[in-house]
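**Student:** The primary structure of each chain is shown beneath.
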Amino acid sequence: MLAEKDIIYRADPHRPSPARLVGVQPLAPEHALFQFRFEDPKENERWTHRPGQFVMVSVVGTGEAPISICSSPSRRGVIELCVRNTGRVTSALHRLKEGAIVGLRGPYGNGYPVEKMKGQDILIVAGGLGMAPLRSLVWYVLDNRSDFGHVSLLYGTRTPEDVLFKGEIAGLVGRGDLETHLTVDKLVEDGQPWPHDVGVVTGLFKYVKDRVDPTRAYAAVTGPPIMYRFVLRELLALGFGKDRILMSLERRMKCGIGKCSHCAVGYKYTCIHGPIFTYWDAMNLPEMI
Amino acid sequence: MLVKRPPTDRPVFGQTTGGEHINPSLQPDRAVSRILRKKDMDAFLESVKAFGSLYGPRQVGPNQYQLMPVGDVAPVSAECRRTILPPKKFLIPARDDLCHFSADTGYRAAEVYTGERVILFGLHACDIHALVTLDLVFNGKYPDPRYLARRQALAVIGFSGTAPDGNCFCHAMGTSHADRGFDLFLTDIGDEYLVRIGSSLGDDMMRARVDLFGQVEREHIDAYKERSDRRQTQFDDTVVEDLPQILELEHDSPIWRELSERCFGCGACAAVCPTCYCYDVVDLVGTDGITGRRVRQWDCCLFQNFAEMSGGFNPRPNRTDRIKHRYYHKQVHFVERFGRPSCVGCGRCVEACPAEISLKDVIAAIRGRSG
Numbered sequence: 145m146l147a148e149k150d151i152i153y154r155a156d157p158h159r160p161s162p163a164r165l166v167g168v169q170p171l172a173p174e175h176a177l178f179q180f181r182f183e184d185p186k187e188n189e190r191w192t193h194r195p196g197q198f199v200m201v202s203v204v205g206t207g208e209a210p211i212s213i214c215s216s217p218s219r220r221g222v223i224e225l226c227v228r229n230t231g232r233v234t235s236a237l238h239r240l241k242e243g244a245i246v247g248l249r250g251p252y253g254n255g256y257p258v259e260k261m262k263g264q265d266i267l268i269v270a271g272g273l274g275m276a277p278l279r280s281l282v283w284y285v286l287d288n289r290s291d292f293g294h295v296s297l298l299y300g301t302r303t304p305e306d307v308l309f310k311g312e313i314a315g316l317v318g319r320g321d322l323e324t325h326l327t328v329d330k331l332v333e334d335g336q337p338w339p340h341d342v343g344v345v346t347g348l349f350k351y352v353k354d355r356v357d358p359t360r361a362y363a364a365v366t367g368p369p370i371m372y373r374f375v376l377r378e379l380l381a382l383g384f385g386k387d388r389i390l391m392s393l394e395r396r397m398k399c400g401i402g403k404c405s406h407c408a409v410g411y412k413y414t415c416i417h418g419p420i421f422t423y424w425d426a427m428n429l430p431e432m433i
Numbered sequence: 002m003l004v005k006r007p008p009t010d011r012p013v014f015g016q017t018t019g020g021e022h023i024n025p026s027l028q029p030d031r032a033v034s035r036i037l038r039k040k041d042m043d044a045f046l047e048s049v050k051a052f053g054s055l056y057g058p059r060q061v062g063p064n065q066y067q068l069m070p071v072g073d074v075a076p077v078s079a080e081c082r083r084t085i086l087p088p089k090k091f092l093i094p095a096r097d098d099l100c101h102f103s104a105d106t107g108y109r110a111a112e113v114y115t116g117e118r119v120i121l122f123g124l125h126a127c128d129i130h131a132l133v134t135l136d137l138v139f140n141g142k143y144p145d146p147r148y149l150a151r152r153q154a155l156a157v158i159g160f161s162g163t164a165p166d167g168n169c170f171c172h173a174m175g176t177s178h179a180d181r182g183f184d185l186f187l188t189d190i191g192d193e194y195l196v197r198i199g200s201s202l203g204d205d206m207m208r209a210r211v212d213l214f215g216q217v218e219r220e221h222i223d224a225y226k227e228r229s230d231r232r233q234t235q236f237d238d239t240v241v242e243d244l245p246q247i248l249e250l251e252h253d254s255p256i257w258r259e260l261s262e263r264c265f266g267c268g269a270c271a272a273v274c275p276t277c278y279c280y281d282v283v284d285l286v287g288t289d290g291i292t293g294r295r296v297r298q299w300d301c302c303l304f305q306n307f308a309e310m311s312g313g314f315n316p317r318p319n320r321t322d323r324i325k326h327r328y329y330h331k332q333v334h335f336v337e338r339f340g341r342p343s344c345v346g347c348g349r350c351v352e353a354c355p356a357e358i359s360l361k362d363v364i365a366a367i368r369g370r371s372g
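Here the protein sequences come in this chain order: G and R.
Quick note: the first sequence uses our numbering, first residue 145, plus one each step.
Quick note: the second sequence uses our numbering, first residue 2, plus one each step.
Treat the hints with care, since some could be wrong.
Selected chain R positions facing chain G (in silico; Cβ < 8 Å) [to be verified]:
| no. | residue |
| --- | --- |
| 1 | Ile36 |
| 2 | Leu37 |
| 3 | Leu137 |
| 4 | Lys142 |
| 5 | Gly290 |
| 6 | Phe304 |
| 7 | Phe307 |
In short, the hints are calculated from the structure, not lab data.
The C-beta atom is built at its ideal place from N, Cα and C for all residues, glycine as well.
With the hints as extra help, turn the sequences into a complete structure.
**Tutor:** Below, the structure written as structure tokens:
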């Protein structure tokens, strides 16, 4: 029989569960895809998440960092995280070999309101690493394709080399049930041929603006802060309501469970009220973007 | 100030029934309040020690008090207006283990508090409100077992016996009186204390020395009311009603910049605040390099790197932004999230600030008209 205090230990939301790194794939310079599975099979069975949610990842000895889940809940088996090598925890993650054990806890955050998005057109706009949380949404939508109207993906990166999930994205281009358009800020010399656009991501709006009905559509936008400014302007000009524009935001986090306050923006905590915010939320919260 | 009510047709409570008006359905041993003679206080506190480790305010310097174990000889300092550190230190220690980890076995949750009951004597109403405010944060969707274990082991004997000083503004924050959140609450009504019993445990404490307690008589009720009326006049006129709306309107006021030029960003205000709960989480690795502890420790939103992310992006890079964030979090955002501000008007931040910034002055300035 468990003592009362043991029950309390198990319920401690700060305690990560051991998970094994079962696969690593380099995606782009400084970016790699990490695949995890919990050591406890029961936890793998229990695991479920919403597109747009995140996990707290611990690498022993370096600390913990919030990372959005880039796999879709419609594809069970492994939890996938696309991570840029940028800080203490993420660089430790990049040094790990397959088979290593990390700590995972979550999923946290609100995720995309997929129930409300049903029956609507979906316009997904990704910039750079913003593709990570949106990839979860892309596959969720494709795996439940009949639930949604017109679906399009606009994806911009700095150079062709920086495109994440290159093979997968190449497979999406030309799919009949998804309209995909890619662009890069600039081409690299002696690079692979680039049969797509060159220029900022807003340049891709011309392809889809007549296919999307903004009164019955949701736009999911994630990218660097500078991108929001231009994309938001474009979406508003198309007639999207401010509460139909969904953004995924990043903040420093320590607990992930609405207490430590590092991610507080206005009266919202990015960890429990976000990371998905509508533009209506964002425009009324200070320092949001 | 007493408000004169307009005459109404309805009976005024308490004046319509002459003579006895005791509800016979109540238990005969029902104890709402009792009377304790001041000279019996030490004997009572001595008996309370049977219920756990007793802490009370003790003077440690000129006008400085600390919640310390109540020993055999050292009496508590009932005149204490505020302790340097608030009672939160018993619930969220400055540094607390969350997990123990090792490269081989992963993360194991650290033990929660299983020690003896801690009885805090002498908490004023504002501090009791602060505990109730912390409960809001540490419960919710993800209850914090570490906090809750300590909270369940905490007993509170409230005390009201000193007049407010110039740094107090609990009256404005609506926390000058507590109706819940205590086991016993003692109010100084002259030669006696009126002892309000707030819980089953408080009732046990009273009954352990029932010989010391008397029934509440009419004279005690009158003495309490007289004190209550007098107390209304002892506070200044700090006004916080609709402060969230005014702060929202004054978001871009030059006052915030002026304040940032005085503030050192030292975080003393957060350390002494009874409701500041922000924490940092850090991994402390042992000398073997593979085992260690994950601890949480007090943090402060005024610190420059509080919100800074890897890669260097900082949503609040300037001290002005951070000061504003602190004020708004306590006075605006907490209201939107929990329906009340997280400030209880205890005045500790005013007393602790090395730059002599007074929250009361800030509120007055922000409510003032600018030229």
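**Student:** Please go over all the hints and tell whether each is borne out by the structure.
**Tutor:** Evaluation of the provided hints:
{"no.": "1", "hint": "Ile36", "verdict": "violated, 39 Å"}
{"no.": "2", "hint": "Leu37", "verdict": "violated, 35 Å"}
{"no.": "3", "hint": "Leu137", "verdict": "violated, 11 Å"}
{"no.": "4", "hint": "Lys142", "verdict": "holds, 7 Å"}
{"no.": "5", "hint": "Gly290", "verdict": "holds, 7 Å"}
{"no.": "6", "hint": "Phe304", "verdict": "violated, 11 Å"}
{"no.": "7", "hint": "Phe307", "verdict": "holds, 6 Å"}
In summary, the structure is inconsistent with hints 1, 2, 3 and 6 from the numbered list given earlier, while agreeing with the others.
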